[in-house]
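Asks: What follows is each chain in one-letter form.
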Amino acid sequence: MAVIRDNMPAFELFQPASTDDALGLLNQYGSEAWVLAGGLDTWDWLKDRVKRPSVVVDLGNIPALREIQASGAGLEIGAMTPLSEVVGHSVVREQYQLLADAAAVVASPQIRNQGTLGGNVTQDTRCWYYRDGWNCYRAGGNICYADTPTAMNREHCVLGASRCVAVNPSDTAPALIALDAQLVVRNGSGERVVDAAEFFVGPEVDIERMTVLEPGDLLTAVRIPSTWAGARFYFEKSRDRQVWDFALGSVATAAKVNGGVIEDIRVVVNGMAPTPVRLTAVEDAVRGQQVTDQTAEQAGQIAVRGVKPLAHNAYKVSLLKNLVTRSIRGTEA
Amino acid sequence: MELFEWGNNPWGQEVLIRISMDILYLSFWAGIAFILFHLIYAAVWVPKLARAHAGGGGAGAAGGDTVAAVPEKIERHTMAARVFHWIMAASMLALIITGFFPLVGVEFPWLTIHWVAGVLLTVSVLYHIVHASFFLDFWSIWIGPGDIQEAIQRVKRQLGQDVEVKRHPKYPLDHRLYHMAVMLAGLAAIGTGLVMLFRIDTPVVARNAYLLAAETWGLVYVLHGLSGAAFVMLTLTHIYFAVRPDKIWMTKSMLFGYVDREHYLDHHDPERWIVTRESGKG
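So the protein lines, in turn, are chains A and B. Each residue of the first sequence is one higher than the last, beginning at 1 in our numbering. Each residue of the second sequence is one higher than the last, beginning at 334 in our numbering.
By construction, these hints were calculated from the structure, which means they are not laboratory data.
If you only want the chain A side, here are some residues facing chain B, beta carbon under 7 Å, derived: (1) Gly-141; (2) Ile-143; (3) Ser-162; (4) Glu-204; (5) Val-205; (6) Asp-206.
All C-beta atoms, glycine included, are put in the ideal place defined by N, C-alpha and C.
Sequences are here, hints too, so could you generate the full structure?
Replies: In structure tokens, the structure reads:
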């Protein structure tokens, strides 16, 4: 069980000054190394003594990882860029407002100043059984405590459960998927670019991790193509309180609307499944349709097909339906 | 080497979780080691033994009347038995691939394929039990007290002693030993696998993660893992023998159902596997 102590367990701290140095350390220490970005996820784990890495690699001294570069092809945002800088960047606000909207509702202003885009995307799930150190599937055990007859699972998933019912907590992840973003991952043997939609790993594939990142891997940047620049965006995050809270559910939509007709669209929800989910059935249903209340209602109905609520989260079915409906309509009202 | 993985239950007590990966690797490398050993044995030792015991056994040893009484083709496996074998083989391979490949880094959505293959294996084994019990020569695949004496004689012969050893009945002793191992591992895997269905969402049973106590679940997972790891070795060696040129006639019999007269007389004792021209069956 988690034990909160005044002192964290000892670890060796490295503060490399370059990406190559960081990669060298990650390569050297492999699964023993823990990557520290803004620290918002990290310190919980370490102070609770649930995760006990022997080596922590702090990326805070690598300026190259916190640059935002705009070009005709789109935008490249360093993984260590603070969320508040993402929110305030002029190109993000003008062309990719969806990402600004998503980043702007992460936690609180202080946390957005400290938290990074890379950290927000790669953060671990908030399932309290897991985070409190219960020996569940995700922690290497053989049970999901959140999906038992007596479990408290109000915040857990209604889609995509596969033994584990935890949800992805990232606010920016659905926006990046909707923008067809790509994530640049480097390791000792080179660089690979992963579509945001493929970056997240569900428990049906690997129950112990949330993303494709493996020991030795480092997320260095997020590339956003110009495909959806200036499109009609909609982001909404539903939460118990309006600040410093994780999403109960969120929706990110990018749509190309011409004369009231949806020419192309991306609809992505989060907080509903172990990974952010792109609702391709909804996209197919509304593509070529007029933006009307009827189209939006139809989209909401399609979104909830196949949902399987747990004991305490049936409200998420209505939430999912309403979020998708409003995102197609384009207004919260 | 770690044998098991341990974790804590909600009360902080240490409980079994599953077998360690070391056991899986051990099973795999034991299978590979056995294959390498047998390759050397077959290349070096078997020709030596053949020269030492030249002249005995084989078709030539059978009397003319015996040869005449044996049909050209002898049925070794019925169609029903062959269908069972290949369904079991397919489901077993699917279970091994879905059970172990993700653990060694080949990741894909494995769980649904795994439990469906498990249910298929269960149904096919139930069918096999009924079929073998009431429609086949049930005792032909089992090991009896008389086999111990034969095993001792065969070992002596392998060690170069001039010992007379009878040719095989329908199923050689090593086949019957293999069947015994597969039966034990298979029943353990099936029994534990059926219980583990309660841990996942399937249309087969209602999910109930608290069906057993954490300690008991650990034992179920360990037994399932041990039987699965055993199948890694058993499957490797089985495939090795199935593709060996000198055994291919047996593999063909599992495809087409028959062995020819020459192989029958070379490898089997007509008194222990009685075949008549009228029946063509053993």
